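K.L.:
Sequence:
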Amino acid sequence: MKAFVLSGGGNRGALQLGALEVLIEKGIFPDMLVGVSAGAINVAMFASDPTLEGIRTMKQFWQDDLPKHTPSFNRGTAIMRLALGRNSLYNEESRQYFANNWALGERKMGEFTHPKLFITAVSLSDGELHVFGDNPNETVKDAVMSSTALPPLFSPWRVNGSVYVDGGACSNLPLRVAVERGADEIYALNLVRPQSVQNTQMNGIYSIGVRALGSLLDYTTELEIEVVCQKPNLKLHLINLKANNVPPVWDLSQTEEMINIGRELTEQYFLNLS
Numbered sequence: 000m001k002a003f004v005l006s007g008g009g010n011r012g013a014l015q016l017g018a019l020e021v022l023i024e025k026g027i028f029p030d031m032l033v034g035v036s037a038g039a040i041n042v043a044m045f046a047s048d049p050t051l052e053g054i055r056t057m058k059q060f061w062q063d064d065l066p067k068h069t070p071s072f073n074r075g076t077a078i079m080r081l082a083l084g085r086n087s088l089y090n091e092e093s094r095q096y097f098a099n100n101w102a103l104g105e106r107k108m109g110e111f112t113h114p115k116l117f118i119t120a121v122s123l124s125d126g127e128l129h130v131f132g133d134n135p136n137e138t139v140k141d142a143v144m145s146s147t148a149l150p151p152l153f154s155p156w157r158v159n160g161s162v163y164v165d166g167g168a169c170s171n172l173p174l175r176v177a178v179e180r181g182a183d184e185i186y187a188l189n190l191v192r193p194q195s196v197q198n199t200q201m202n203g204i205y206s207i208g209v210r211a212l213g214s215l216l217d218y219t220t221e222l223e224i225e226v227v228c229q230k231p232n233l234k235l236h237l238i239n240l241k242a243n244n245v246p247p248v249w250d251l252s253q254t255e256e257m258i259n260i261g262r263e264l265t266e267q268y269f270l271n272l273s
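Residues in the sequence shown are numbered consecutively from 0, following numbering that gives the first Met the number 0.
The reader is advised that the hints may include incorrect statements.
To be verified - If you anchor each label on the Cβ, the simulated ranges turn out as follows: (1) Asn239 - Asp183: 30 to 40 angstroms; (2) Asn243 - Tyr218: 17 to 27 angstroms; (3) Gly160 - Asn243: 42 to 52 angstroms; (4) Glu266 - Asn134: 29 to 39 angstroms; (5) Asp125 - Leu237: 29 to 39 angstroms; (6) Asp30 - Asn100: 26 to 36 angstroms; (7) Ile224 - Asp125: 18 to 28 angstroms; (8) Arg157 - Glu110: 15 to 25 angstroms; (9) Ile224 - Gly53: 19 to 29 angstroms; (10) Asp30 - Arg55: 18 to 28 angstroms; (11) Asp125 - Ala98: 21 to 31 angstroms; (12) Pro135 - Thr56: 18 to 28 angstroms.
Just so you know, these hints were derived from the structure itself, not from any lab.
As the structure is a computational prediction, the values presented were derived from the model and not from experiment.
Heads up, the beta-carbon is just placed ideally off N, CA and C, and yes, glycines get one too.
Hey, can you work out the whole structure from these sequences and the hints?
P.N.:
Below, the structure is given as structure tokens:
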């Protein structure tokens with residue numbers, strides 16, 4: 000069973016669109032999709048139309064819809080929300096817009112059978128990974144909103160009394176989820192932190208927090224790769240997607256450029272195999 004596994008990475012998720020386009024052009028289609036955070040948005044949209052036309056729709060979403068409803072980071076507002084004890088530093092209007100107006104969100108996870116769809120989040124009550132899709136009655140909206148609830152930027156998401164946050168808190172490249180559900184060949188679209196972010200000066204709480212979180216995500220990803228590589232019958236295609244000089248996470252002005260970089264990196268991956 001062939002799986003595509005898409006990692007998290009904020010606005011760098013646009014890189015995955017270019018990668019998906021190359022895979023489909025090469026006739027590589029998944030039986031299963033697994034995504035987390037930004038990758039959760041992408042697998043949900045791709046599952047609804049796993050074709051080149053579907054990818055064109057995804058590009059329009061990233062280039063037109065997301066920028067309209069993604070707020071810029073305002074330090075003053077963030078400090079005020081922190082002082083008032085809010086659950087996030089960002090205003091939640093943008094997320095509520097997608098929760099209430101995204102038609103795809105109302106679909107049940109069990110509706111997706113080829114490819115199957117799985118999205119990960121972490122339960123705040125016990126710290127355990129929750130895989131949306133194991134229960135076919137869970138909705139795409141709850142899966143995506145839970146998986147993209149990255150603290151402290153966005154509020155946790157509540158589903159039937161349970162509270163969830165970004166699945167990257169447990170694994171930012173959920174390869175084991177795919178393996179445990181039958182995958183024996185995986186194309187992993189891994190969003191690697193750009194060098195400019197890794198080398199940035201750590202000034203202020205926000206910068207330090209972002210750097211610390213990034214280091215944690217890198218570590219969990221390395222562990223995930225190490226574990227699945229020990230599986231004797233698993234074929235792993237690790238496609239690392241990295242764009243240098245990426246703007247802040249709320250800035251989507253370079254989406255088209257990152258889509259093209261994703262294409263180039265994926266094409267280069269296959270050239271290196273030949």
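K.L.:
For each hint, tell me whether it holds in the structure or not.
P.N.:
Hint-by-hint comparison with the structure:
1. Asn239 - Asp183: 30 to 40 angstroms: violated, 21 angstroms
2. Asn243 - Tyr218: 17 to 27 angstroms: Distance hint for asparagine 243, tyrosine 218 holds at roughly 22 angstroms.
3. Gly160 - Asn243: 42 to 52 angstroms: holds, 43 angstroms
4. Glu266 - Asn134: 29 to 39 angstroms: holds, 38 angstroms
5. Asp125 - Leu237: 29 to 39 angstroms: holds, 30 angstroms
6. Asp30 - Asn100: 26 to 36 angstroms: With Cβ atoms ~31 angstroms apart, the hint holds.
7. Ile224 - Asp125: 18 to 28 angstroms: holds, 25 angstroms
8. Arg157 - Glu110: 15 to 25 angstroms: holds, 23 angstroms
9. Ile224 - Gly53: 19 to 29 angstroms: holds, 28 angstroms
10. Asp30 - Arg55: 18 to 28 angstroms: holds, 23 angstroms
11. Asp125 - Ala98: 21 to 31 angstroms: Once the Cβ atoms are compared, 24 angstroms apart, the range 21 to 31 angstroms for alanine 98 and aspartate 125 holds.
12. Pro135 - Thr56: 18 to 28 angstroms: holds, 24 angstroms
The structure fails to meet hint 1 from the earlier list, while all remaining hints are met.
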